[in-house]
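> The primary structure of each chain is shown beneath.
6 protein chains.
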Amino acid sequence: MSEFDTSLPSVRNIQNFIQEKNEVELKLVTDDLIVGKIVWQDVNCICLMDHYEQPTIVWRQAIVFIKPKP
Amino acid sequence: MSEFDTSLPSVRNIQNFIQEKNEVELKLVTDDLIVGKIVWQDVNCICLMDHYEQPTIVWRQAIVFIKPKP
Amino acid sequence: MSEFDTSLPSVRNIQNFIQEKNEVELKLVTDDLIVGKIVWQDVNCICLMDHYEQPTIVWRQAIVFIKPKP
Amino acid sequence: MSEFDTSLPSVRNIQNFIQEKNEVELKLVTDDLIVGKIVWQDVNCICLMDHYEQPTIVWRQAIVFIKPKP
Amino acid sequence: MSEFDTSLPSVRNIQNFIQEKNEVELKLVTDDLIVGKIVWQDVNCICLMDHYEQPTIVWRQAIVFIKPKP
Amino acid sequence: MSEFDTSLPSVRNIQNFIQEKNEVELKLVTDDLIVGKIVWQDVNCICLMDHYEQPTIVWRQAIVFIKPKP
Chain H
1 MSEFDTSLPS
11 VRNIQNFIQE
21 KNEVELKLVT
31 DDLIVGKIVW
41 QDVNCICLMD
51 HYEQPTIVWR
61 QAIVFIKPKP
Chain W
1 MSEFDTSLPS
11 VRNIQNFIQE
21 KNEVELKLVT
31 DDLIVGKIVW
41 QDVNCICLMD
51 HYEQPTIVWR
61 QAIVFIKPKP
Chain P
1 MSEFDTSLPS
11 VRNIQNFIQE
21 KNEVELKLVT
31 DDLIVGKIVW
41 QDVNCICLMD
51 HYEQPTIVWR
61 QAIVFIKPKP
Chain G
1 MSEFDTSLPS
11 VRNIQNFIQE
21 KNEVELKLVT
31 DDLIVGKIVW
41 QDVNCICLMD
51 HYEQPTIVWR
61 QAIVFIKPKP
Chain F
1 MSEFDTSLPS
11 VRNIQNFIQE
21 KNEVELKLVT
31 DDLIVGKIVW
41 QDVNCICLMD
51 HYEQPTIVWR
61 QAIVFIKPKP
Chain Y
1 MSEFDTSLPS
11 VRNIQNFIQE
21 KNEVELKLVT
31 DDLIVGKIVW
41 QDVNCICLMD
51 HYEQPTIVWR
61 QAIVFIKPKP
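Chains as they are written, first to last, in the numbering used here: chain H, 1 to 70; chain W, 1 to 70; chain P, 1 to 70; chain G, 1 to 70; chain F, 1 to 70; chain Y, 1 to 70.
It is possible that some hints are incorrect.
No distinction is drawn between identical chains; accordingly, a pair holds when it is met within one copy or between any pair of copies.
Stated by the list, open to error - Below, a list of computed lysine-lysine pairs in the PhoX-like style, where the Cα atoms sit at most 20 Å apart:
hint	residue 1	residue 2
1	LYS69	LYS37
2	LYS21	LYS69
3	LYS67	LYS37
No lab work stands behind these hints: they were computed from the structure.
When you get a sec, could you build the whole thing from the sequences and use the hints?
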């Protein structure tokens, strides 16, 4: 389980991606790379919205890395 | 272990999928993609019912993402 | 670590499989699918008995899903 | 982390394998299957001795299942 | 979840890599090897900056090993 | 997270490998096998020194087994 404290850099960075509507790449343990805008996060999950406005609720345990699109 | 607090977006979203009988796709760490309607969730598992009314009890630790079918 | 509270649906369902001697399929993180009857569960493991009355003690952390055989 | 309480079936079963010097198969998350006699267990690890009296200290987190050799 | 106590060798070593701007290799559970300079760490994540000054926020749970480049 | 209590066999064994400068094989979840001498351990990591005196900081969560070289 992740710690979910809004003063942590990891939590704040994601909060910034949400506010600034940054497009991000999310690499998953299955080696999938999904792309979209993060719309919310909680202690268990991060929700990504793709180009077709379809949400994907990603479990934090399955995340390998997040990269903001340059 | 996941946190199971019904005020969390991740828990509420799944609760909505149950109530609205949304069909969802569940991606698993084994790269399997299973499709069905969620019938219950608890702190350990999510139970999916397929088209033949057969249940699959999925461990939360094995979930990568959930996508409601558009 | 799983929560092991007998009032949870996930724990009760497995308890029912034990009492009713249901045959189940257990999908594991290694992609193995093992078949048998569950004979006991505790907070760490689930024990499956195959057709030759050979036990397999499966770690909960390695379980992806359980499906009762129809 | 596993619970390590000697009254648990999973812990007692392994204690029996140690005392009765049962040969066991250990399936690991890397899909390796190692064979030997368990010589000790603690909350983190299980130690297996092979035919050449070489020990392997296996992390519990990496165990998928244990099967006593028939 | 990792322990995040700055007196631990693992946390201090990474703190040193940050201060000395060491280039490191990070091996991930997906078998990816990413190279860069660590710019921050918290209890959940480690942030790596690549040659193009692009950040990658890596989840600790997905790290296999870190090697400073010789 | 592992328990890190120096009275545990798993922690003591590694402490012995450090003191006796035993060469060990470390099998990782990515199926890598790395060889070297353990130079320190803490609750999160184990540090291995290879033949070229290059350190590798291995996350405990990624360890499958340790084998002392015979």
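> Could you run down the list of hints and mark each one as holding or not?
Structure-based check of all given hints:
1. For the homomeric pair LYS69 and LYS37, the shortest alpha-carbon distances inside one copy (10 Å) and between copies (19 Å) are both at most 20 Å.
2. Taking the closest pair of Cα atoms, LYS21 and LYS69 come within 20 Å of each other only inside a single copy of the chain (11 Å); across copies the shortest separation is 24 Å, beyond that limit.
3. Taking CA atoms no more than 20 Å apart as the test, LYS67 paired with LYS37 passes in both settings, with 11 Å inside one copy and 15 Å between copies.
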